[in-house]
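Number of protein chains: 2
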Amino acid sequence: MDLSKLSIHTITTKPWPIETAIDEFSKAGVKGITVWRDALNGRDIRQTGALARDSGLSIVSLCRGGFFPSTDVNKRKAAIDDNKRAIEEAAQLGAPLIVLVCGSDPGQPLEVSRQQIQDGIAAVLPDAKDANVKLAIEPLHPMYADTRSAINTLAQANDMAEALNSPFVGVAVDVYHLWWDPNLESEIKRCGRNNHLAAFHICDWSVPTKDLLNDRGLMGDGCIPIKKIRGWVEETGFNGFNEVEIFSNHWWAQDQSQFLQKIIKAYREKS
Amino acid sequence: MDLSKLSIHTITTKPWPIETAIDEFSKAGVKGITVWRDALNGRDIRQTGALARDSGLSIVSLCRGGFFPSTDVNKRKAAIDDNKRAIEEAAQLGAPLIVLVCGSDPGQPLEVSRQQIQDGIAAVLPDAKDANVKLAIEPLHPMYADTRSAINTLAQANDMAEALNSPFVGVAVDVYHLWWDPNLESEIKRCGRNNHLAAFHICDWSVPTKDLLNDRGLMGDGCIPIKKIRGWVEETGFNGFNEVEIFSNHWWAQDQSQFLQKIIKAYREKS
Chain Y
741 MDLSKLSIHT ITTKPWPIET AIDEFSKAGV KGITVWRDAL NGRDIRQTGA LARDSGLSIV
801 SLCRGGFFPS TDVNKRKAAI DDNKRAIEEA AQLGAPLIVL VCGSDPGQPL EVSRQQIQDG
861 IAAVLPDAKD ANVKLAIEPL HPMYADTRSA INTLAQANDM AEALNSPFVG VAVDVYHLWW
921 DPNLESEIKR CGRNNHLAAF HICDWSVPTK DLLNDRGLMG DGCIPIKKIR GWVEETGFNG
981 FNEVEIFSNH WWAQDQSQFL QKIIKAYREK S
Chain E
741 MDLSKLSIHT ITTKPWPIET AIDEFSKAGV KGITVWRDAL NGRDIRQTGA LARDSGLSIV
801 SLCRGGFFPS TDVNKRKAAI DDNKRAIEEA AQLGAPLIVL VCGSDPGQPL EVSRQQIQDG
861 IAAVLPDAKD ANVKLAIEPL HPMYADTRSA INTLAQANDM AEALNSPFVG VAVDVYHLWW
921 DPNLESEIKR CGRNNHLAAF HICDWSVPTK DLLNDRGLMG DGCIPIKKIR GWVEETGFNG
981 FNEVEIFSNH WWAQDQSQFL QKIIKAYREK S
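Protein sequences appear in the order of chains Y and E. Heads up, the first sequence is in this note's numbering, so the first residue is 741 and it goes up one at a time. Heads up, the second sequence is in this note's numbering, so the first residue is 741 and it goes up one at a time.
Among the clues, some could well be false.
Identical copies carry no separate label here, and so any pair may be met within one copy or between two of them.
[Said to hold, decoys possible] As a list, the in silico DSS-like pairs of lysine-lysine whose alpha-carbon atoms are at most 30 Å apart:
hint, residue 1, residue 2
1, Lys1010, Lys815
2, Lys950, Lys767
3, Lys1002, Lys950
4, Lys869, Lys745
5, Lys815, Lys1005
6, Lys1002, Lys817
7, Lys950, Lys929
8, Lys815, Lys968
9, Lys929, Lys767
10, Lys815, Lys967
11, Lys1010, Lys869
12, Lys754, Lys950
By construction, these hints were calculated from the structure, which means they are not laboratory data.
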C-alpha cells in the first residue's frame, strides 16, 4: 500500500505536541491527520488547522465528541454543550467529521443510555448542519459498555444512524472494536448501502491484551484480520483514509520517530 | 432469595481445597457446588462426589471442557481426548453437565475456530451420550475472542446448539459475558424455547475493570442488571441453580470465610 490514504491519530504518538506530529507525519509521507481535542489545548485552532494543511496533511476528523448519557440531567446538558463546542472546534480546524465515543453510565440500564445518546445527537444535529460537520457514531468494544459506550456493535450504530436519518450522521468502523463480530461483513455492507460509512480506524488486538484501554497493537502484531476487513470496507465504495489509532503504554514509552517508521512499515505490509 | 438454588464454583473460593469448600458451603446453607477440574487434582473423583452429596450439596456441573480449536491438528486431537477424559470425570463425579469454554486460536480466522469447535463437540458427543453427561456451550465475552472462545454471543451459541441438535448439547448463560448484548432477552427466550438453557452463572462487572480475566465483582458491586437477566432466564421455565462464578485477585486475597458470607448476602439481596 502506498501512503496516500494513511492518516494517523495524534493520540497514537501522544508524547509529541501536535506541531511535532504535523512536521514528522508530513516528512514521513503520511497524508492525513486525525486530531484529538487534547492536542489542541492552548493552541489557536484555526492556525493549527492551517499548519497541517500547509504541511500537506488532510485533516480527517476531530476526536472526540459524545459521552451523552448520565443519570444527572445537568451532566447531560453539559455534554450537549461540550459537543456543540466540539462542532465549533471542528469547523475552526477544518475537520469535516467528529467521531463520537457515545458514552454510557453504569448507574442506569444500557437501554436508557442508548436513548440518551440518540437524544443527545439529535440535540446537536442543527449545529452540525450549520457548521457543515458530520458526526460519526463509533461502536465500541463490549468491554467498554460500562462507562464509554452503550453502542457496542455495528448493527446498533447502523440502527441509530438510520433512525436519525440525516446526511450529518454517519458511522465510524474501528477494527479493534468490531473484529470479533460474526455479523461484521454484513453490517459493513449495510453501513455502506446507507452511505453511512464515514471513517475507518485500524490497529491490532494484542495477544495477550494486558490492559483494557492502553494495550492496542501495531497492525500485524495481533490477531485482527485487518486486510480482510479493509476489503469489506472498500467494497462498499469507501474511499476515505485508513486511520491508525493506537493507544499503547508500550509504544508511548518508545522513541516516537522510530515508532512512526514502524507504523508506516506495518501499514504498507500488514494493513 | 433463599439459598435453595445457590451454587458456588470452586474457583470462586480458589484458596480453599475442595474438601474445605464442600464443608464451608454446606455449613453456610449453600445447596450446590460447581466443580473445576483443577480442584480434583490428586483426589479420588468418585469419593469427592460422594463427599459433596453426603454434605447436602448437589453437583451442578464440571468446569470446564472445550478449547477445541488449534492450527495444529495434533493439538485438536489432544483436545478431543481431553474432553473425553472430562466426560469420564463428570460421570465419576456425578455431574450431569460439563461447561465448555470453547477455545479460539489467534493464528487462524474466527470462522475456522468456530467450525473446529462444532466439529470437536460432535466428535465427543457419543461419549457424552454414553456417560449421560450434557455439554453446555458457554458464549464468552468478546474480549476473550483471541484465545478463549470464538463463540462470543448467545446467538452464536444458540446457532451451534441448534446445528448440533442433540439432547446432550445445551448452552450456559453467564451474565458477565452477555450483559452488554442488545439481543440478550430475545436470545434467552430462543434458548429456552429450544430447551437448550442448561446453566446460569452470575457475578458482576466491576467499574472500572482492572484486569481482563481476574477482576470480576460480587453481585451488586458492578453494573450488570442481574435480577433482570435472571427474570428472563426464569421466564423460560429454567429451574436450575444460580451459580456464583467469580474470578478475582481481590477476593482471592481476602479471608474466604468472610468472602463466603458476603457472597451469601449479595446473593440474597442483589441477585
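Verification of the hints:
no. : hint             : result
1   : Lys1010 / Lys815 : between (42 Å within a copy, 28 Å between copies)
2   : Lys950 / Lys767  : neither (33 Å within a copy, 39 Å between copies)
3   : Lys1002 / Lys950 : both (21 Å within a copy, 29 Å between copies)
4   : Lys869 / Lys745  : within (26 Å within a copy, 56 Å between copies)
5   : Lys815 / Lys1005 : neither (43 Å within a copy, 34 Å between copies)
6   : Lys1002 / Lys817 : neither (42 Å within a copy, 39 Å between copies)
7   : Lys950 / Lys929  : neither (32 Å within a copy, 35 Å between copies)
8   : Lys815 / Lys968  : between (40 Å within a copy, 27 Å between copies)
9   : Lys929 / Lys767  : neither (36 Å within a copy, 57 Å between copies)
10  : Lys815 / Lys967  : between (40 Å within a copy, 28 Å between copies)
11  : Lys1010 / Lys869 : neither (37 Å within a copy, 46 Å between copies)
12  : Lys754 / Lys950  : both (19 Å within a copy, 22 Å between copies)
Taken one by one, the earlier hints fail for this structure at numbers 2, 5, 6, 7, 9 and 11, listed in ascending order.
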